[in-house]
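Asker: Following the hints, put chain Y in place on chain G, whose structure we already have.
Number of protein chains: 2
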Amino acid sequence: MLTVKTPEEVASLLEESFTLTMSGELVPLSEALGRVLREPVIAAEYVPDFNRSTVDGYAVRSSDTFGCSEAIPALLVLTGEVLMGETPVMEIGSGQCASIPTGGELPKGADAVVMIEYTENYGDGTIGILKSAAPGSCLIFRGDDVRPGKEVLSRGRRLGVQDIGTLAALGHSKVSVCRKPVAGIISTGDELVSFSETPKGGQIRDVNSVMLSALLQDAGAECIFYGILKDDEALLDAAVGRALEECDLVLVSGGSSVGMKDSTCRVIEKHGSLLFHGIAMKPGKPTILGIAGGKAVFGLPGHPMAAFFVSELFVRPLVSRLMGRKAHIREIQAVLDETISANDGREHYLGVCLEERDGLCHAVPIHSKSGLITSLAASDGYFRIPRDCEGIAAGSKISVRLYAID
Amino acid sequence: MLTVKTPEEVASLLEESFTLTMSGELVPLSEALGRVLREPVIAAEYVPDFNRSTVDGYAVRSSDTFGCSEAIPALLVLTGEVLMGETPVMEIGSGQCASIPTGGELPKGADAVVMIEYTENYGDGTIGILKSAAPGSCLIFRGDDVRPGKEVLSRGRRLGVQDIGTLAALGHSKVSVCRKPVAGIISTGDELVSFSETPKGGQIRDVNSVMLSALLQDAGAECIFYGILKDDEALLDAAVGRALEECDLVLVSGGSSVGMKDSTCRVIEKHGSLLFHGIAMKPGKPTILGIAGGKAVFGLPGHPMAAFFVSELFVRPLVSRLMGRKAHIREIQAVLDETISANDGREHYLGVCLEERDGLCHAVPIHSKSGLITSLAASDGYFRIPRDCEGIAAGSKISVRLYAID
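So the sequences go chain by chain: G and Y. The opening position of the first sequence corresponds to residue -16 in my numbering, with each subsequent residue numbered one higher. The opening position of the second sequence corresponds to residue -16 in my numbering, with each subsequent residue numbered one higher.
This is chain G alone, in the form it adopts within the complex (with noise of 0.2 Å):
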């Protein structure tokens, strides 16, 4: 028995239903940002790999500084200059020091390193040093940062940049990340055409193929485009099917004449079964979900906006399951500047634009009769209004999710 479910619902449902599934693939470090984690990340090495300075200065036994001062100086034998970049060759004796540089590695015999500050070369190859030194000063040790069979990124991690260095820094060249997703794209309705053709009378522009595949390639997946189908079921079925044999995801985004949407449900149950059809949310209701080889294939309303939120709040997060990857949602408070009200017993979701004002970010609600995409043009994120709540007033604080490109 099919029931509309709630949003949380949906949520639960899609985790239990889809997990990761995506094989992976060794690709050149230049090109893995942004991709996500097949494998965690063990430390092969030392990071740092040996001994380093953090000043310049000069290596010494410590127990040669000990209890010297300003008055008192320590006076060490200078026996070279260890250079950047060289394993020194010298040993540092009792009574004997080595300039050093900043990440410089110490050199044998050496434990301490006193900055240049501290010091006064004589010029006749001795240094006075003028204050102690306990072991360890001003060194870095090897294996500091990492060592090896650390687990230094783990598994699901989509790689930013810093992680793009820290690779780096391991010498990983390449990195096994998961393959990208695959998702079919199937527009359907006979009012449709190309966004780059001009409508005719009655028609529409088919605005969600190239929007949902924005929404997809920012979410980590690349999009087959299966076309604009007429409203005929035969027609959908072999799309459908084509789809589920090319792709990871199949999303059929629904012409709104009456009984396609039947047809959508009876195309899914020919190669799968259905989860639910319809979503306790506005925009998004007519919003259908089925499974077909372990494949997730969604009915999407074909109104654009209600396709756009409910692929941000389901279809998103599906990506990143199929990459093993738990997405995180970005919100930010703020102030909500206008009373919105909504009792209709659906999660409302309103796009809103953030200001800055008065040393407070204020979401401005964006209003739109037709509640067509052109309304979300220049918006910076949405937020929700709970089901069981009549309203929000003007001043609250509200969580702001933020789209993930601004």
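Hints may be right or wrong, so weigh each one.
If several chains are the same, the list does not tell them apart, and a pair holds so long as it fits within one copy or across any two.
With a straight-line cut-off of 25 Å between C-alpha atoms, the simulated SDA-like cross-links for lysine to any residue are [stated by the list, open to error]:
no., residue 1, residue 2
1, K114, E216
2, K309, S382
3, K309, D220
4, K91, V60
5, K133, G307
6, K244, V318
7, K213, S13
8, K380, Q316
9, K157, G184
10, K380, H345
11, K253, V60
12, K309, S177
13, K265, A217
14, K309, Q200
15, K244, E64
16, K380, C344
17, K183, P11
18, K309, R384
19, K133, E339
Hints are computed from structural coordinates only; laboratory data are not their basis. Small disclaimer: the values here were computed from a predicted structure and weren't measured.
Answerer: Only chain Y this time, still in chain G's reference frame:
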């Protein structure tokens, strides 16, 4: 006279010195996600382009329904059916109606739609209307969302998914966006080897080139890598000269060896002029900025973590400025998990991991004795400790800046 600048001064200097310099290019809408608009988008059409029904029902003359009720229905003659995607050919005269689907075009003569729930089909060619309809009921009028001449998206907007939808609805199959700034990347340092090589004694991997490429790519730029140079002023001079010819900005990330900072300064002064040398921040102090032929030349610290923070704070916004975009900084509020002290007169920047606990977002600072980039692996963002502040107590609310990719 060049002195150390505060981070605020550096931000102002960048604003004064650099502005939109990118020319425009036309890209297909399917490749426009994340690109920055070079020109505002002005609507040339009405959205919607015709008067549309918002419900399934009957198109009527509202005056024919005045005074009707369930007890005394208005009886109208059914003259036809409005089809999706077609301009209706019938005209609704007095006493007539036509069936119309949601999204269907209102036929001539009609001025309202009555929901099917408030009608009765007697099956003999007449329809009973059970509830009176005001003029305009259940209709969206032509241009309700957008009228020709309206600025729908402003110049400098980075296009998000909803904007792609809007552009599709308006029939923009190509978009005029800013050409991507090209950044030249130069690594210098005798101790550096490519990240794909195994360092020998005293050598370290060149982390900056691939990390900065990722950051710039994420900020919307393209990169040209001019290789790893030995510490040699003539080599640096030649590389900077070539990069200034081929790129829109140049990043030299410096070796740590003594004297090479002066080399970078001299090379910048040969090609243009130096703007500052040193930022009062930690990490990131030994940063240089120059201008040559209107182009920024950064001398970044060789230390990857310092290069990372300087680039996040100054290079990323500069790339946005070159495209005429004001980048948003995304900050979220979090509870600092432990007390952090800082009192050396510089702003401190510290990476954090975010954790959800007890319904609150906690920021766990990342400590690293070595300050190597590997410590930032898996971090989510960073926060700032102002220079006049001796520290921040555990439990304080802090603003965490999120990295662009979570």
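Asker: Each hint should be assessed against the structure and marked as holding or not.
Answerer: The hints, checked one at a time:
1. Taking CA atoms no more than 25 Å apart as the test, K114 paired with E216 passes in neither setting, with 86 Å inside one copy and 36 Å between copies.
2. With identical chains, the CA atoms of K309 and S382 are at most 25 Å apart both within one copy (20 Å) and between copies (23 Å).
3. For the identical chains of this complex, K309 and D220 are neighbours neither inside a copy (32 Å) nor across copies (47 Å), given an alpha-carbon limit of 25 Å.
4. In this assembly of identical chains, K91 and V60 lie within 25 Å of each other by CA distance solely inside one copy; the values are 16 Å within and 103 Å between copies.
5. Taking the shortest alpha-carbon separations for K133 and G307, only the intra-copy value of 21 Å comes in at or below 25 Å, while the best inter-copy value is 43 Å.
6. Proximity of K244 to V318 under the C-alpha cut-off of 25 Å is found in neither arrangement, the shortest distances being 39 Å within a copy and 47 Å between copies.
7. Taking identical chains as interchangeable, the C-alpha atoms of K213 and S13 lie at most 25 Å apart only when they sit on different chains, with a minimum of 22 Å there against 43 Å within one chain.
8. Within a single copy, K380 and Q316 get their C-alpha atoms as close as 6 Å, and across copies as close as 13 Å, so both meet the 25 Å cut-off.
9. Taking CA atoms no more than 25 Å apart as the test, K157 paired with G184 passes between copies only; the shortest distance there is 23 Å, against 54 Å inside one copy.
10. When the C-alpha separation of K380 and H345 is checked against a cutoff of 25 Å, the pair qualifies both within a copy, at 9 Å, and between copies, at 20 Å.
11. Taking the closest pair of Cα atoms, K253 and V60 never come within 25 Å of each other, the shortest separation being 87 Å inside a single copy and 41 Å across copies.
12. Taking the shortest Cα distances, K309 and S177 never come within 25 Å of each other, neither inside one copy (35 Å) nor across copies (33 Å).
13. In the homo-oligomer, the alpha carbons of K265 and A217 never lie at most 25 Å apart, since the shortest distance is 30 Å inside one protomer and 65 Å across protomers.
14. Taking the shortest alpha-carbon separations for K309 and Q200, both the intra-copy value of 17 Å and the inter-copy value of 24 Å come in at or below 25 Å.
15. In this assembly of identical chains, K244 and E64 lie within 25 Å of each other by CA distance solely across copies; the values are 20 Å between and 79 Å within a copy.
16. Taking the closest pair of Cα atoms, K380 and C344 come within 25 Å of each other both inside a single copy (10 Å) and across two copies (17 Å).
17. Only between protomers do K183 and P11 lie at most 25 Å apart by alpha-carbon distance; the minimum there is 23 Å, versus 48 Å within a single protomer.
18. Taking CA atoms no more than 25 Å apart as the test, K309 paired with R384 passes in both settings, with 16 Å inside one copy and 20 Å between copies.
19. Only between protomers do K133 and E339 lie at most 25 Å apart by alpha-carbon distance; the minimum there is 24 Å, versus 43 Å within a single protomer.
The structure is inconsistent with the numbered hints 1, 3, 6, 11, 12, 13, although it conforms to all the rest.
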